[in-house]
Amino acid sequence: MSAILQAEGLKKYFKTGGGLFSKPTVVRAVDGVSFAVQKGETLAIVGESGCGKSTVGRMLMRLIEPTAGTVTFEGQDLGALGETGLRKLRGAMQMVFQDPFSSLNPRMTVADIVGEPLWLHGEGSARERREKTLELLRTVGLRPDLADRYPHEFSGGQRQRIGIARALASSPKLVIGDEPVSALDVSIQAQVINLLEDLKERFALTLIIIAHDLAVIRHMSDRVIVMYLGSIVEVAPTGPLYSEPLHPYTRALLSAIPLPVPGHHAERKLLEGDIPSPANPPSGCRFHTRCPYAQKRCVDEVPALRDAGAGRMAACHFFEDLPPETAGRALGAADSPAKARRLALYKQFRTLRDTQGPEAVLRASTPTMEAVTRGEQSS
Amino acid sequence: MQSPALLFFRRLFRRKLVLLAAVILLALVLAALLAPWVTPFDPGAMKLVRRLKPPSELNWLGTDEYGRDVLSRIIFGARASLGIGAAVVVISMTIGTVVGLFAGFFRRLDAPVMRVVDATMALPDILLAIFLVAVLGASAWNVIFALSIVYTPRVVRVVRASTLVVRELPFVEAARAIGVSTRRILGVHVLLNVASPVLVQATFIFAYAVLAEAGLSFLGAGVPPETPTWGTMIASGQQYADDAFWVVLFPGVAIVLAALSLQILGDGLRDMLDPKLRKAV
Numbered sequence: 001m002s003a004i005l006q007a008e009g010l011k012k013y014f015k016t017g018g019g020l021f022s023k024p025t026v027v028r029a030v031d032g033v034s035f036a037v038q039k040g041e042t043l044a045i046v047g048e049s050g051c052g053k054s055t056v057g058r059m060l061m062r063l064i065e066p067t068a069g070t071v072t073f074e075g076q077d078l079g080a081l082g083e084t085g086l087r088k089l090r091g092a093m094q095m096v097f098q099d100p101f102s103s104l105n106p107r108m109t110v111a112d113i114v115g116e117p118l119w120l121h122g123e124g125s126a127r128e129r130r131e132k133t134l135e136l137l138r139t140v141g142l143r144p145d146l147a148d149r150y151p152h153e154f155s156g157g158q159r160q161r162i163g164i165a166r167a168l169a170s171s172p173k174l175v176i177g178d179e180p181v182s183a184l185d186v187s188i189q190a191q192v193i194n195l196l197e198d199l200k201e202r203f204a205l206t207l208i209i210i211a212h213d214l215a216v217i218r219h220m221s222d223r224v225i226v227m228y229l230g231s232i233v234e235v236a237p238t239g240p241l242y243s244e245p246l247h248p249y250t251r252a253l254l255s256a257i258p259l260p261v262p263g264h265h266a267e268r269k270l271l272e273g274d275i276p277s278p279a280n281p282p283s284g285c286r287f288h289t290r291c292p293y294a295q296k297r298c299v300d301e302v303p304a305l306r307d308a309g310a311g312r313m314a315a316c317h318f319f320e321d322l323p324p325e326t327a328g329r330a331l332g333a334a335d336s337p338a339k340a341r342r343l344a345l346y347k348q349f350r351t352l353r354d355t356q357g358p359e360a361v362l363r364a365s366t367p368t369m370e371a372v373t374r375g376e377q378s379s
Numbered sequence: 001m002q003s004p005a006l007l008f009f010r011r012l013f014r015r016k017l018v019l020l021a022a023v024i025l026l027a028l029v030l031a032a033l034l035a036p037w038v039t040p041f042d043p044g045a046m047k048l049v050r051r052l053k054p055p056s057e058l059n060w061l062g063t064d065e066y067g068r069d070v071l072s073r074i075i076f077g078a079r080a081s082l083g084i085g086a087a088v089v090v091i092s093m094t095i096g097t098v099v100g101l102f103a104g105f106f107r108r109l110d111a112p113v114m115r116v117v118d119a120t121m122a123l124p125d126i127l128l129a130i131f132l133v134a135v136l137g138a139s140a141w142n143v144i145f146a147l148s149i150v151y152t153p154r155v156v157r158v159v160r161a162s163t164l165v166v167r168e169l170p171f172v173e174a175a176r177a178i179g180v181s182t183r184r185i186l187g188v189h190v191l192l193n194v195a196s197p198v199l200v201q202a203t204f205i206f207a208y209a210v211l212a213e214a215g216l217s218f219l220g221a222g223v224p225p226e227t228p229t230w231g232t233m234i235a236s237g238q239q240y241a242d243d244a245f246w247v248v249l250f251p252g253v254a255i256v257l258a259a260l261s262l263q264i265l266g267d268g269l270r271d272m273l274d275p276k277l278r279k280a281v
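Protein chains in written order, with the UniProt record's numbering: chain A, 1 to 379; chain B, 1 to 281.
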């Protein structure tokens with residue numbers, strides 16, 4: 001695998017306030033973030049609101065200028081590109097936005113919205129573009145005969161599909177999803193996530209998913225970057241991150257996920273206090289004000305992002321010495337035989353439904369159900 | 001499924017008053033456009049024997065001090081009055097929209113442009129217009145020019161305010177993300193979304209311009225008196241108003257009808273477009 005996108009030392013400082021006689025306050029929204037995205041992977045960036053994850057996403061797209069640092073896409077430094085060069089490259093990098101209501105121009109029809117990238121990149125004749133637009137709508141699961149409606153005539157989930165179709169129109173290699181599902185109903189979230197995963201397979205995309213919901217991330221991503229107050233605190237493949245989080249902040253985030261395990265009453269490590277202001281971040285480790293394991297050294301010294309083996313990194317002075325984590329592991333624990341059978345049954349139904357349609361499930365359900373119940377009683 | 005145009009008019013004319021205003025306005029515009037064919041008399045033809053005659057079967061709205069038919073002059077006056085109003089709307093809308101879009105979108109331009117606009121708006125409208133016409137000389141074109149200068153700042157304000165809101169909406173960022181040029185973002189994405197308040201503003205400016213033209217002509221700082229406009233008719237007829245009220249009343253009614261129906265139409269447009277706008281933003 002090779003890196004398709006590389007971020008080096010990204011920083012974004014915003015100046016706020018500051019009048020004639022007062023100095024402006026510098027908000028360090030993102031303070032030195034470096035990472036690489038491998039071709040074909042799904043990388044997630046998670047963190048609380050205000051941790052700078054969306055700002056990172058926008059800097060990757062160069063929708064906002066970084067204060068410092070570089071973004072390299074397929075070996076090309078985005079900062080060195082002029083306005084025209086950047087616009088050309090925009091086709092290869094696309095973004096799906098958080099708010100499906102305001103990220104579509106309310107005065108344009110769906111066909112215009114989805115067709116605009118095609119028009120911009122000068123593809124084919126008007127009729128070919130129209131064909132491609134309708135095809136894109138079909139791809140994301142929308143009826144093409146709705147193409148001439150306006151965005152307000154669609155539901156949130158449908159609009160997000162329109163947004164995804166727009167992102168796909170220019171045949172991108174990399175798609176950045178800025179909280180693509182957080183504005184949607186939970187039931188719709190799953191549909192949109194599945195759609196994104198399908199499209200990723202189909203078009204061999206690389207995905208960067210920005211989110212604050214670890215449960216959503218777990219299902220789609222290969223690697224996770226955890227951010228806190230503008231810097232990276234942990235990078236790890238998804239499996240190990242969830243089973244053995246290294247950084248105390250990651251642990252706290254994970255323990256906040258409710259586990260769908262009956263009888264599970266894990267001790268929650270809820271974080272106390274608010275996230276400190278990035279205008280005036282704490283000294284040393286930025287997490288020390290809320291860290292349950294904080295020590296003297298954490299106040300004085302900024303921890304480096306250190307390699308922890310197996311592709312993992314954490315920015316904590318003491319991650320080797322922390323007590324073993326249990327809360328997050330419960331999900332990964334071996335299933336009881338009864339649960340394993342139920343899961344197998346569920347899988348069976350899913351395959352049945354996917355291959356033979358919903359009626360097949362109805363026909364098959366009764367005897368199989370009985371078989372399982374029998375099995376459960378005998379064990 | 002109804003066509004959007006049909007839906008638009010059905011919504012707009014839900015209020016009967018708006019429909020009435022539109023009908024009156026349409027009648028005035030048609031009369032102005034078809035003036036040479038619908039007027040009973042030549043508006044300039046003097047008949048001194050028939051001067052200051054009250055409304056009769058021959059002269060429906062009476063005759064003026066030179067025996068000219070008031071109705072014919074009002075209809076021809078509509079050409080000048082509405083024509084000047086329309087020209088002012090087109091000019092001030094075009095310039096105002098472009099300047100407003102730029103001022104709202106490019107923050108560096110905002111402060112200097114808005115200070116100039118504030119300065120212009122600090123001067124009373126009609127005084128500024130009189131001053132400009134006095135300097136440039138009285139002619140229809142100079143009236144159009146002067147009134148455009150007076151009303152452009154209003155448009156700039158409205159467009160700039162809407163642009164400030166629209167430019168922060170995510171679809172503008174989304175447009176940039178797919179590689180849309182700044183010119184197209186401004187000219188298509190933002191413009192489409194500021195269009196409705198601008199449209200409403202246009203009807204108001206039309207009404208103001210018709211009134212202001214009449215005012216300027218009345219004060220002698222407008223169109224030369226030989227051209228019939230509603231303002232010049234009142235101005236030249238005022239000294240006979242005691243004996244022949246029709247000389248000033250009917251041009252006055254025309255002004256009121258035109259201005260009022262434009263205002264009502266503007267109100268109707270605003271009522272119709274506002275909830276949609278709120279939903280959109």
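In case anyone wonders, no lab produced these hints; they're calculated from the structure.
Any given hint might turn out to be false.
Here are the simulated distance ranges between beta carbons [as the list claims (entries may be wrong)]:
{"#": "1", "chain 1": "B", "residue 1": "Gly187", "chain 2": "A", "residue 2": "Ser22", "range": "22 to 32 Å"}
{"#": "2", "chain 1": "A", "residue 1": "Ser171", "chain 2": "B", "residue 2": "Arg184", "range": "13 to 23 Å"}
{"#": "3", "chain 1": "A", "residue 1": "Ser187", "chain 2": "B", "residue 2": "Gly187", "range": "37 to 47 Å"}
{"#": "4", "chain 1": "A", "residue 1": "Ser187", "chain 2": "B", "residue 2": "Met121", "range": "51 to 61 Å"}
{"#": "5", "chain 1": "A", "residue 1": "Glu320", "chain 2": "B", "residue 2": "Arg184", "range": "13 to 23 Å"}
{"#": "6", "chain 1": "A", "residue 1": "Arg342", "chain 2": "B", "residue 2": "Gly187", "range": "25 to 35 Å"}
{"#": "7", "chain 1": "B", "residue 1": "Met121", "chain 2": "A", "residue 2": "Phe21", "range": "23 to 33 Å"}
{"#": "8", "chain 1": "A", "residue 1": "Ser22", "chain 2": "B", "residue 2": "Leu109", "range": "17 to 27 Å"}
{"#": "9", "chain 1": "A", "residue 1": "His152", "chain 2": "B", "residue 2": "Glu57", "range": "53 to 63 Å"}
{"#": "10", "chain 1": "A", "residue 1": "Arg130", "chain 2": "B", "residue 2": "Val253", "range": "21 to 31 Å"}
{"#": "11", "chain 1": "A", "residue 1": "Phe203", "chain 2": "B", "residue 2": "Arg184", "range": "23 to 33 Å"}
{"#": "12", "chain 1": "A", "residue 1": "Arg130", "chain 2": "B", "residue 2": "Arg184", "range": "43 to 53 Å"}
Derived, one-sided and incomplete: chain B residues facing chain A with beta-carbon distance under 7 Å [claimed, not checked]:
{"#": "13", "residue": "Ala31"}
{"#": "14", "residue": "Leu33"}
{"#": "15", "residue": "Leu136"}
{"#": "16", "residue": "Glu173"}
{"#": "17", "residue": "Tyr240"}
{"#": "18", "residue": "Ala241"}
{"#": "19", "residue": "Ala244"}
Note that this is a predicted model, so its numbers are computed, not measured.
Heads up, the beta-carbon is just placed ideally off N, CA and C, and yes, glycines get one too.
### Query
Per the hint of 25 to 35 Å, is the separation of the Cβ atoms of arginine 342 of chain A and glycine 187 of chain B within bounds?
The hinted range 25 to 35 Å is violated for arginine 342 of chain A and glycine 187 of chain B, with Cβ atoms some 59 Å apart.
### Message
Can you tell me whether the CB distance of methionine 121 of chain B to phenylalanine 21 of chain A sits inside 23 to 33 Å?
### Response
holds, 30 Å
### Message
Does the beta carbon distance between arginine 130 of chain A and arginine 184 of chain B stay inside 43 to 53 Å, or does it fall outside?
### Response
Check failed, 19 Å falls outside 43 to 53 Å.
### Task
Please verify that hint: alanine 244 of chain B, Cβ, nearest Cβ of chain A, below 7 Å or not.
violated, 53 Å
### Query
Are glutamate 173 of chain B and chain A close enough, Cβ to Cβ, to be under 7 Å, as the hint says?
Glutamate 173 of chain B check passes; min Cβ-Cβ to chain A is 6 Å, inside 7 Å.
### Query
Measuring from beta carbon to beta carbon, are serine 187 of chain A and methionine 121 of chain B in 51 to 61 Å?
Holds - the Cβ-Cβ distance for serine 187 of chain A and methionine 121 of chain B, about 53 Å, lies within 51 to 61 Å.
#### Entry: Hint check: 7 Å Cβ-Cβ cutoff, alanine 241 of chain B to chain A
violated, 51 Å
### Query
Given a hinted range of 37 to 47 Å, is it respected by the beta-carbon distance of serine 187 of chain A and glycine 187 of chain B?
holds, 40 Å
#### Entry: Verdict for glutamate 320 of chain A, arginine 184 of chain B (Cβ pair) under range 13 to 23 Å
Since glutamate 320 of chain A and arginine 184 of chain B have Cβ atoms about 54 Å apart, the given range 13 to 23 Å is violated.
### Residue hint alanine 31 of chain B, partner chain A, criterion CB-CB below 7 Å
It is violated, given that the least Cβ distance between alanine 31 of chain B and chain A is near 35 Å, above 7 Å.
### Query
Between serine 171 of chain A and arginine 184 of chain B, is the Cβ distance one that fits in 13 to 23 Å?
holds, 21 Å
### Message
Taking the Cβ atom of glycine 187 of chain B and the Cβ atom of serine 22 of chain A, is their distance within the range 22 to 32 Å?
### Response
violated, 39 Å
Hints 1, 5, 6, 10, 12, 13, 14, 15, 17, 18, 19, counting from the list given before, are not met by this structure.
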